[in-house]
Amino acid sequence: MLFNSLEFPVFLAIVLLLFWLLKGTKQKQLLLLGASLFFYGYWKWTYLLLLLATASVDYLAAIGIGQTQKKQNRLALLSLSILANLGVLGFFKYSHFLGSAFFFSPGEAPSWLPILLPVGISFYTFQAMSYVIDVYRNRMSAEKSWTDYMLFITFFPQLVAGPIERAPHLLSQLKKPELTKNFVPGALLLLSGFFKKILIADRLAVYVDAAYNQSETCTAPQLLLATVFFGFQIYCDFSGYSDIARGCASFFGINLMQNFRSPYSAKDLGDFWRRWHISLSGWFRDYLYQPLGGGHKGNLQMAFNIMLVFSVSGLWHGANWTFLAWGIWHGAGLVFQRFFRKSFQAAGPALSKISTLIWVFMGWFFFRVNNLEEAEVLGRKLISLPDWTLNSFNLFHSSSEMAVALSGITLLMLSEKFNSDEIAVRFQNLSFKKAAIIFTSAIMVFLWFGHFKGGDFIYFQF
Amino acid sequence: MKKYSYKNWVWILMLFLLAHALSWILYVNILSADGLQRQKMVLLEMPINKSAKIWIMGDSHPMLGINPDFIPSSFNLASTSEYYFLTELKLKQLLSSGQKPEILILPFDPHSFSAQGNALLLGHELDDYFWSGILSPEKIWTKNLPASYQRWWIGATFFPYAGQFFSLAAWKKTSPFKLEENGFAPADENLHAIGKQSMNFLAQARFKTHFAGHNPYDSLQFSALESILFECSKNGIQVVLVSYPLSDDYRNLAEISGMEDQLQLAFHKIKNPPIWLDYASLFKGKPEYFSDADHLNRNGAEILSRKIKTTLDSLRKTPDARPQAI
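Residue numbers (my numbering), protein chains in the order written: chain A, 1 to 462; chain B, 463 to 788.
Chain A extracted, bound-state conformation:
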């Protein structure tokens, strides 16, 4: 089920009503679990079985690890769990990619290979792996309750596109879900999420798709603007999803982690990755970069570790060479920045910020382009001087659409100057009439200016 579908508000309202009616904690947990399974199975119930099966393997493996002190046995159970997760992920997500790279031509894949990628598979497998690894590292004890564990894996607000939560943070909260006494912060988060998704991301997508899907006809300035727009589109799309997820979870008394913190105001590339998709960056830092030695084994080892982590991170996003290129692009940028840290510091914060933004937005080109061949064609177009005519920048149907898109981006950047918790407090301190008028006006602006053409969230495909 999509957050931006008509079914979702109905679903959420029913779940909230039932949750309010139920008194016991166990009943509430079971309701949330049932709702989460329905939420996922509504898309394709057969993949729900896959989710339950892999989650059960992790649940049993973690209990096994918790019950034995033998290092070999613990390691074997951990390996089993990781193999199960990576095996499922590899089969469903990477079999076509690897097969077409080494064994068969594209379009001639064996019929037994999966066609559909289970939604959110990269998110829930990573969340499950972090849990089992944490149990293995004795950072937490294994969860005994199957219901609690399943709820941790399937909790519907964050099941299909994160944030990728850690068990010590989420599991303890899910043991005592309570209806919130204050719906305002959650409602504001929902409004913010839908604003980002429907008012900005989906509107920008019209331009971006027009440019990238008509690569032969679009001009270099259009392509450049489309790439910048894509940077904002993907940010609004994904952070919008995270806002909605956090807003929904807050209604049940669950505080999900913040996944984005104004990434485009990062002071350098490292800072960008501490602000962008924080839950995934943290995952790679804790479960891959640091076990490899991090930055403590000399510069060359550090450079290798960074390149490896970002290559894997790129491939995590999708089974395509373009994502690998995007990961390598960021890895290379980070290595360069680490090696020339002093020069960056000497250049001043403004230059560092600008160069980071340019690097990040150039990177979005690899993320958005359909394949490497197209990347080459479009890349040549971007740097070809004769194409640089500015007379036909607009790819929207009308200039008013461009005005709405630019206004949306401006509003977004301005709103990021404020802390969302402060906004919630200020909103609650307003007189009722003022609050009601602001709330209604916001909904009407949203309805008139939104883009309601049913676009999926980009991160669903990962």
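Keep in mind that a hint or two might mislead.
A few chain B positions that, by computed beta-carbon distances, are all more than 10 Å from chain A [what the hints assert, rightly or not]:
id	residue
1	Asn470
2	His482
3	Ile492
4	Ser558
5	His586
6	Glu587
7	Lys670
8	Val702
9	Glu717
10	Glu722
11	Glu750
What follows is a set of in silico ranges between Cβ atoms, one per label pair, in the way DEER data are often shown [what the hints assert, rightly or not]:
id	chain 1	residue 1	chain 2	residue 2	range
12	B	Leu480	A	Leu414	37 to 47 Å
13	A	Lys26	B	Leu488	34 to 44 Å
14	A	Arg285	B	Glu688	38 to 48 Å
15	B	Lys605	A	Asp286	19 to 29 Å
16	A	Phe446	B	Ile492	20 to 30 Å
17	A	Phe418	B	Glu643	50 to 60 Å
18	B	Ile492	A	Ala53	48 to 58 Å
19	B	Asn677	A	Phe91	41 to 51 Å
No farther apart than 16 Å at their CA atoms in a straight line, the calculated lysine to aspartate or glutamate pairs in the EDC-like style are these [claimed, not checked]:
id	chain 1	residue 1	chain 2	residue 2
20	B	Lys515	B	Asp496
21	B	Lys670	A	Asp148
22	A	Lys144	A	Asp134
23	A	Lys175	A	Asp148
24	A	Lys453	B	Glu651
25	B	Lys746	B	Asp710
Derived by calculation from the structure, the hints in this document are not laboratory data. Don't be surprised by glycine CBs; every beta carbon is placed ideally from N, CA and C.
With chain A held as given, fit chain B onto it using these hints.
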């Protein structure tokens, strides 16, 4: 949190309903009242149409391509992006109101079976208010259409203004198309004026609009065409399929991509194939008769209309003559 009590939420709801009602009235009665499809709808209700013996239906190809002034007793009911699926609904609506033509002219172009039509409808890019009045939830149910159509209907009926801010921006501005008598909406642009390279770009862009990301052979459109043919046969209406002239660049793309062949295959799949007039290459090497890559301008429409009139006259004289493609 006394401030956000039950009564206060009801107050917000009332405020929202008021704003919603005002938006609805503003959009439906003022902003979109001059929309081309709405104008066509108004024309359908006028008694003058009842005298028309030849109905021209379909999408923008016939809308811009046939001038009824040159085909006596004809009326152009075609509207933008009206694929077979929508034409079927409109035709049945008209027939049920007691109006009936002798001849129905339908488009038969490379993109006629593309799923683009459904995508446009479901994406709220057509006149929601107009189509949601014809495609009711009951019809959606009986036609066994996917749930996305029910969702579309809810949005189209209750929130027709959603996402329509550009209607506000374009308020009071002149509509790009103006209807002339008998439903003709001519275009006055001249493709020749934009230069050869731009012509090629335009053709690629138009071709992608029709096919990129859409199933080029959507079974829903094919079954709608079959249904139209069945309905016409039941009512004694002769159907004539017309392939409209295409610019050289667009036609080349259709040939290279195999869409031309697909069209032939589709024609042979029709159980009782009607007459098919193929004018796709009528204006070969003559971009001056086009307004863009696949639409005729006023001059092109005049020539095509005269040709169709001559052919229809000959068909009327020899009703048994049923050439597969002329």
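Cross-check of the supplied hints:
1. Asn470: violated, 6 Å
2. His482: violated, 8 Å
3. Ile492: holds, 14 Å
4. Ser558: holds, 30 Å
5. His586: Violated, since 6 Å does not exceed 10 Å.
6. Glu587: Label violated. Min Cβ-Cβ 8 Å, cutoff 10 Å.
7. Lys670: Not fine: 6 Å to the nearest Cβ puts lysine 670(B) too close to chain A.
8. Val702: holds, 33 Å
9. Glu717: holds, 18 Å
10. Glu722: Given a closest Cβ separation of 21 Å, the condition holds.
11. Glu750: holds, 22 Å
12. Leu480(B) - Leu414(A): 37 to 47 Å: 29 Å Cβ-Cβ, so the 37 to 47 Å window is violated.
13. Lys26(A) - Leu488(B): 34 to 44 Å: violated, 51 Å
14. Arg285(A) - Glu688(B): 38 to 48 Å: The hinted range 38 to 48 Å is violated for arginine 285(A) and glutamate 688(B), with Cβ atoms some 60 Å apart.
15. Lys605(B) - Asp286(A): 19 to 29 Å: Hint violated: Cβ distance 53 Å, outside 19 to 29 Å.
16. Phe446(A) - Ile492(B): 20 to 30 Å: holds, 21 Å
17. Phe418(A) - Glu643(B): 50 to 60 Å: With Cβ atoms ~58 Å apart, the hint holds.
18. Ile492(B) - Ala53(A): 48 to 58 Å: Taking Cβ atoms as reference, isoleucine 492(B) and alanine 53(A) lie about 57 Å apart, which means the hint holds.
19. Asn677(B) - Phe91(A): 41 to 51 Å: violated, 28 Å
20. Lys515(B) - Asp496(B): violated, 27 Å
21. Lys670(B) - Asp148(A): violated, 50 Å
22. Lys144(A) - Asp134(A): holds, 15 Å
23. Lys175(A) - Asp148(A): With Cα atoms ~7 Å apart, lysine 175(A) and aspartate 148(A) stay inside 16 Å; holds.
24. Lys453(A) - Glu651(B): Measuring from Cα to Cα gives roughly 30 Å; hence the hint is violated.
25. Lys746(B) - Asp710(B): holds, 6 Å
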